[in-house]
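Novice: In order, the protein sequence lines correspond to chains A and B. The first sequence begins at 24 in the numbering used here and counts up one residue at a time. The second sequence begins at 121 in the numbering used here and counts up one residue at a time.
In case anyone wonders, no lab produced these hints; they're calculated from the structure. Hints may be right or wrong, so weigh each one.
[Said to hold, decoys possible] Here are the simulated DSSO-like cross-link-like pairs (lysine-lysine), alpha carbons at most 30 angstroms apart as the crow flies: (1) K209/B / K286/A; (2) K286/A / K127/B; (3) K62/A / K241/A; (4) K226/B / K313/B; (5) K139/B / K286/A; (6) K184/A / K62/A; (7) K139/B / K238/B; (8) K138/A / K75/A; (9) K241/A / K75/A.
[What the hints assert, rightly or not] Just a sample of chain A residues kept apart from chain B, beta carbon distances all over 12 angstroms, derived: (10) K75; (11) C105; (12) L128; (13) E165; (14) Q168; (15) N211; (16) A256; (17) D278; (18) I279; (19) Q289.
[As the list claims (entries may be wrong)] Just a sample of chain B residues kept apart from chain A, beta carbon distances all over 12 angstroms, derived: (20) L241; (21) R300; (22) T306; (23) F310; (24) D320; (25) R334.
Just so you know, even glycine gets a beta-carbon here, dropped at the ideal spot from N, CA and C.
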Amino acid sequence: MDMRPDPLVMMTTQAPTHATLSAPTKVAAKNVNVFYGAKQALTNVSVEIPEKSVTAFIGPSGCGKSTFLRCINRMNDTVDSCRVEGLIQIDGKDIYDPALDPVQLRARVGMVFQKPNPFPKSVYDNVAYGPRIHGLSRSKAELDQIVEQSLRKASLWEEVKDRLSDSGTGLSGGQQQRLCIARTIAINPEIILMDEPCSALDPIATARIEELMEELRKNFTMIIVTHSMQQAARVSQRTAFFHLGILVETGSTSDIFTNPVDKRTQDYITGRFG
Amino acid sequence: MSEHIVKSYEQELTGLDDKISQMGGLAEQLVGEAFDSLASHNPARARATVASDATIDLLHRELEEQVILMIARRQPLANDLRQVISVLKVAGELERVGDLAKNVAKRAQAISGETHPKGLLTGLQHMTDLASRQLKDVLDAYVARNPERAMQVWRQDENLDAVYNSVFRELLTYMMEDPRNIGLCTHLLFVAKNLERIGDHTTNIAETVTYMTRGSLPEGERPKGDLTSSTLMSVPHR
Numbered sequence: 024m025d026m027r028p029d030p031l032v033m034m035t036t037q038a039p040t041h042a043t044l045s046a047p048t049k050v051a052a053k054n055v056n057v058f059y060g061a062k063q064a065l066t067n068v069s070v071e072i073p074e075k076s077v078t079a080f081i082g083p084s085g086c087g088k089s090t091f092l093r094c095i096n097r098m099n100d101t102v103d104s105c106r107v108e109g110l111i112q113i114d115g116k117d118i119y120d121p122a123l124d125p126v127q128l129r130a131r132v133g134m135v136f137q138k139p140n141p142f143p144k145s146v147y148d149n150v151a152y153g154p155r156i157h158g159l160s161r162s163k164a165e166l167d168q169i170v171e172q173s174l175r176k177a178s179l180w181e182e183v184k185d186r187l188s189d190s191g192t193g194l195s196g197g198q199q200q201r202l203c204i205a206r207t208i209a210i211n212p213e214i215i216l217m218d219e220p221c222s223a224l225d226p227i228a229t230a231r232i233e234e235l236m237e238e239l240r241k242n243f244t245m246i247i248v249t250h251s252m253q254q255a256a257r258v259s260q261r262t263a264f265f266h267l268g269i270l271v272e273t274g275s276t277s278d279i280f281t282n283p284v285d286k287r288t289q290d291y292i293t294g295r296f297g
Numbered sequence: 121m122s123e124h125i126v127k128s129y130e131q132e133l134t135g136l137d138d139k140i141s142q143m144g145g146l147a148e149q150l151v152g153e154a155f156d157s158l159a160s161h162n163p164a165r166a167r168a169t170v171a172s173d174a175t176i177d178l179l180h181r182e183l184e185e186q187v188i189l190m191i192a193r194r195q196p197l198a199n200d201l202r203q204v205i206s207v208l209k210v211a212g213e214l215e216r217v218g219d220l221a222k223n224v225a226k227r228a229q230a231i232s233g234e235t236h237p238k239g240l241l242t243g244l245q246h247m248t249d250l251a252s253r254q255l256k257d258v259l260d261a262y263v264a265r266n267p268e269r270a271m272q273v274w275r276q277d278e279n280l281d282a283v284y285n286s287v288f289r290e291l292l293t294y295m296m297e298d299p300r301n302i303g304l305c306t307h308l309l310f311v312a313k314n315l316e317r318i319g320d321h322t323t324n325i326a327e328t329v330t331y332m333t334r335g336s337l338p339e340g341e342r343p344k345g346d347l348t349s350s351t352l353m354s355v356p357h358r
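For reference, chain B alone in the conformation it holds in the complex (with noise of 0.2 angstroms):
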């Protein structure tokens, strides 16, 4: 791509770049830590976690008001348009993708007192890497403007979606076994269910790459695996 004749703007949208590099960085990080404190019952890092978020709500704040101040002064067009209004919503799913880190270590600090079973906990860390995996990848591809890589992450969400499930069946059966187990498995599900909207997000992240670097929206369904909104385990009748 050839350089603007105006080298501050070309500058600027260089920096709306670095900036989602930055967040990306820190949403990667946070949905990592996020994991860490709950498996280490470390509640203090739970709360280091938590406060972190505050930063990429900062640079999505940041952003924003330069993507603003770009479209008033800049009047950007064509690759430009996109690549402004992309950095737009790429920035607002990485902050979700931050409010839920935050949530999975709010829940880290409200159970980090209980025992969990012996490998309960292995379905979440599979989660938390593809998870964390799936957002390293699709921010790869932003940075490359790759969009084959961005829909090889679009179409992987489905793995992630699979993974949810079997912990969500995993869960409800620990659950049924024994009642005490209820109060520390709400909040696994609800983590497990923190973990797979990021998965979401990150999709929603690939297709905003396909139209920056394409222009188009990726065509048909994204193929989707979450099935546990129609799941139902009943308890055995005695």
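Here chain A stands alone, though its shape is the one from the complex (with noise of 0.2 angstroms):
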């Protein structure tokens, strides 16, 4: 009889991570702490983000990833208590540099937030808003051509073609949270940060939402923070879940909800949280 290896021996000399990165990445964050006053909400957060794909970030209320989300783009220079340690690169250099401008930077970052918000102008003016004062277009016809591709690329443009000098506020929320996302896909960024874009949507509205990632990452880098799982799973390749302040698991979305590594990961997604 040929005595073949064991097969359980031959599994446990699997280390136990999870697919690695195919996509170069875009965003690597390393060692990072972020602090308001004297309160730490991140700590040593290391994670790299692979371009041109959907990343979501779940955890539960308070684990802190709504505030490495604001990290990415320095959202959160605007709170005087925060404090942000450690490095965070986006391709490979350093957006916490002092030479670096802010403003430049959220132009390659861009984000849309829970609550659609667009600004009280009309459909047009939101859109336009970005490149007009980043001077990004040379003429009326060029911008004209900017609005209309951003808002086809948000999956809005056969909804208000008609009226893009209706004011932007009067959209249904779910068209107006793809006005947001047209505002920021308008000045051409590199990277879109989702910070529940969809727990104020209907779930119709939030499909549209889910189909226009779906179509997005092909060219954006996309991370996104939410609350529903089902989401997360669905929207996502990638997959970090944060508790307490910590970067407990990152992996690919299959391995997160099928078979997570870290028993805290597998409480959470399952429900059993206490």
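With the hints as a guide, dock the two chains, each given alone in a separate frame, to form the complex.
Specialist: Here is the structure:
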């Protein structure tokens, strides 16, 4: 009888790490610590986020996922008591370099918020605002083109093309959120951060945004914070689980949701957290 | 394992395991009874065994419905997802074990009037014992969430295959010795094949237990010892 290798032994020799990154790294964080005054919100977060894919940050409220998201475009700079330590790089360049202009950084790293926040201006002006202040167009015709393209990319064009001069705040919640996405992509960012972009939307509007994310990841690196486990499972390729200010586990979304390594991840995603 | 925040979810998951235990217990019982009805030439007992397979089928259907409903309502993830998928698979395997035992009992009815040559059932008795033991062990491994124990079952199926090979040759020999044995021995060959298949189903359950507990299937080939499909015994020329 031939003696075959013991499958149990073979399995335990494999390191419990998840699939390696296939795409090049767009955002890299090394030992990031964030403090609000004396309170530490994030502890030693190190993560690599691949380009042109969707990475989901999940975790209970107050776990630090939004704080970390806001470090990536230096939104935390606007909070006086906030202090960020460690290294965050985009394309290998330190984004906290004192020589770097945060306004320019935020043009490269767009952000979409939980509550749709269109400007109280027309649909057209909402989208044209960014390109205008960044001087991205030389003529009215060029600006028109940017507005149309951005609205098309945000899957909103067909619904608003006949009412571009109506107020953006008059659109439905889902349309407003897509308008905000159009406004974000109008300045052609490299990274789009989304902080619970669907939590105020109904399932149909949510599905539209998710469909849009699937489309946008061909051209943008996307990072989404979500409380919906199913949404993270549906839209992302990689998932990072935060808990109590610590990045507990990062891995391919399929591994995280079928076979997480860390017990805390498992307890959270299965609804067992105390 | 800490409990779910939603208690009814926890209860549903526990309920699935209870039903698997119930199905498993019935399947074990059926395998034993099927052989006993054969060995004791008892067609009434064989009929009762055939009838009780319906209970296993019913449990299988109930489990399927419960799992579908849970996927729709709870969207289980991680170990919960692996559990409900495993329940679905194990229930399917146990349903097949029930069918195979039922088939043994049907054959017991068909040959209840025949007299068996002495010692002919020794090998089949041994196979039944091994298959029942494998089934019991793998169900214990399922309940205890013990992949090592499951893998032991996975490896030990080879022993059942080995006995099957010898029963196969033994029955062929009887048939060659006296063509009047052919009818009886053909039925017994199928009985042996059914018992061998029951062993295979226990290894499938063992693989599922490994998946459920570790998140991955066992690697490598399972040791197999069924050589009957390439065995030929020719009648010596006279």
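Novice: Confirm or reject each hint.
Specialist: So, going through the hints one by one against the coordinates:
1. A distance of roughly 25 angstroms separates the Cα atoms of K209/B and K286/A; the hinted pair therefore holds under the 30 angstroms criterion.
2. Of the pairs offered as hints, the one joining K286/A and K127/B holds, with about 20 angstroms between alpha carbons and a cut-off of 30 angstroms not exceeded.
3. For the hint linking K62/A to K241/A, the alpha-carbon distance of about 38 angstroms lies beyond 30 angstroms, and the restraint is violated.
4. Distance restraint check for K226/B and K313/B: the Cα-Cα separation of roughly 14 angstroms lies within the 30 angstroms cut-off, and the hinted pair is therefore satisfied.
5. Proximity of K139/B to K286/A is assessed by CA-CA distance (about 27 angstroms); at most 30 angstroms being required, the pair is judged to hold.
6. Under the criterion of a C-alpha separation no larger than 30 angstroms, the hint pairing K184/A with K62/A is inconsistent with the structure, at around 48 angstroms.
7. Of the supplied pair hints, the one linking K139/B and K238/B is violated, its CA atoms being roughly 40 angstroms apart against a limit of 30 angstroms.
8. A hinted pair counts as satisfied when its Cα atoms are at most 30 angstroms apart, and K138/A with K75/A qualifies at roughly 25 angstroms.
9. Only pairs whose Cα atoms come within 30 angstroms are accepted, and K241/A paired with K75/A is accepted, the gap being roughly 6 angstroms.
10. Against chain B, the non-interface label of K75/A holds: every CB pair exceeds 12 angstroms, the least being about 26 angstroms.
11. Chain B leaves C105/A outside its interface by the beta-carbon criterion, the shortest separation being 32 angstroms against a cut-off of 12 angstroms.
12. Listed as a non-interface residue, L128/A keeps its Cβ farther than 12 angstroms from every Cβ of chain B; the least gap is roughly 36 angstroms.
13. With a least beta-carbon separation of about 46 angstroms from chain B, E165/A lies farther than 12 angstroms from that chain, consistent with its non-interface assignment.
14. No beta-carbon of chain B comes within 12 angstroms of the beta-carbon of Q168/A; the shortest separation is about 43 angstroms.
15. The beta carbon of N211/A is kept farther than 12 angstroms from every beta carbon of chain B, the shortest such distance being approximately 36 angstroms.
16. With 12 angstroms as the threshold on Cβ separation, the claim that A256/A sits away from chain B is violated: the shortest Cβ distance comes to roughly 7 angstroms.
17. A beta-carbon of chain B comes within 12 angstroms of the beta-carbon of D278/A; the shortest separation is about 8 angstroms.
18. The Cβ of I279/A does not lie farther than 12 angstroms from every Cβ of chain B; its closest approach is about 8 angstroms, which violates its non-interface assignment.
19. Listed as outside the interface, Q289/A is inconsistent with that label: its C-beta sits roughly 5 angstroms from the nearest C-beta of chain B, within the 12 angstroms cut-off.
20. Every CB of chain A lies more than 12 angstroms from the CB of L241/B, the least distance being 27 angstroms, so the non-interface label holds.
21. Against the 12 angstroms criterion, R300/B stays outside the reach of chain A, whose nearest CB is about 37 angstroms from its own CB.
22. Under the 12 angstroms C-beta cut-off, the non-interface status given to T306/B relative to chain A holds; the minimum distance is some 30 angstroms.
23. Look at F310/B: its CB is around 27 angstroms from the nearest CB on chain A, clear of 12 angstroms, so calling it non-interface holds up.
24. No beta-carbon of chain A is positioned within 12 angstroms of the beta-carbon of D320/B; the least distance is around 17 angstroms.
25. With a closest Cβ-Cβ approach of about 7 angstroms to chain A, R334/B is found to fall inside the 12 angstroms limit, against its non-interface label.
The structure fails hints 3, 6, 7, 16, 17, 18, 19 and 25 (numbered hints given earlier, in ascending order).
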